[in-house]
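Chain order of the listed sequences is A and B.
For the first sequence, the residue numbers in the working numbering are -7 to 107.
For the second sequence, the residue numbers in the working numbering are 6 to 118.
Be a bit skeptical, because a hint or two may be false.
Said to hold, decoys possible - Reference excerpt, derived from the structure (chain A facing chain B, CB under 7 angstroms, subset only): (1) T89; (2) V92; (3) G99.
Unchecked claim - Chain B residues, not near chain A, derived (Cβ > 10 angstroms throughout): (4) N12; (5) E65; (6) A88.
Said to hold, decoys possible - Computed footprint of chain A on chain B; a stretch qualifies when at least three of its residues, placed anywhere within it, have a C-beta under 8 angstroms from a C-beta of chain A: (7) 50 to 60; (8) 105 to 116.
In case anyone wonders, no lab produced these hints; they're calculated from the structure.
We treat Cβ as the ideally placed atom computed from N, Cα and C, and that holds for glycine.
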Amino acid sequence: KAGVTQTPRYLIKTRGQQVTLSCSPISGHRSVSWYQQTPGQGLQFLFEYFSETQRNKGNFPGRFSGRQFSNSRSEMNVSTLELGDSALYLCASSKGTSGVYNEQFFGPGTRLTVL
Amino acid sequence: SQKIEQNSEALNIQEGKTATLTCNYTNYSPAYLQWYRQDPGRGPVFLLLIRENEKEKRKERLKVTFDTTLKQSLFHITASQPADSATYLCALLMDTGRRALTFGSGTRLQVQP
Chain A
-7 KAGVTQTPRY LIKTRGQQVT LSCSPISGHR SVSWYQQTPG QGLQFLFEYF SETQRNKGNF
53 PGRFSGRQFS NSRSEMNVST LELGDSALYL CASSKGTSGV YNEQFFGPGT RLTVL
Chain B
6 SQKIEQNSEA LNIQEGKTAT LTCNYTNYSP AYLQWYRQDP GRGPVFLLLI RENEKEKRKE
66 RLKVTFDTTL KQSLFHITAS QPADSATYLC ALLMDTGRRA LTFGSGTRLQ VQP
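Let the sequences and hints guide you as you build the complete structure.
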């Protein structure tokens, strides 16, 4: 069974631009969560989606948004990029309806660099 | 404010010894606690989950304890191997409407051959 895939793996953008990251969960997983990882703040929860609905959102500004499609694939978007948005963005999927209550299967991440 | 603390200093041990990593939390009453392993440049990998009503969980060479009175979880790797060298993260989940995992900053483990 294929793992969680994320595209692209690396991305370089400039301040003010916007970016869209994609995540394909493990087949059969309907819950997808997004995290931001930086050396200073560690792993921080962005949001969780289940059956195309956002179930919870972390403490990030409205520039960070996401969505989930009917096939459970998810995208996250960051608008008006800032230097501080440079990070590893991780997507995780989980089985069943309990989402983050279950083990999370993480993808390899997208490394975003904002210049 | 809510806080999770893991030893930020790297833990260096000799191969064959038991590694013990600590996760302390304040102002939480977590329902679940999870441990993950992360290698450089890769996403975390789930290791163990323990619930608030469980004292201990084991999986092969791994053992996790959860003391809700001390607000502490201990993660043990017995008969450690150089391949166990990685960063280990604890993550807590509150059993409230907020369905979000909160991660500690992680402890880097280095097992010397």
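Exercise for the section: List in ascending order the numbers of the hints, as given earlier, that are violated by the structure. Expected result: 1
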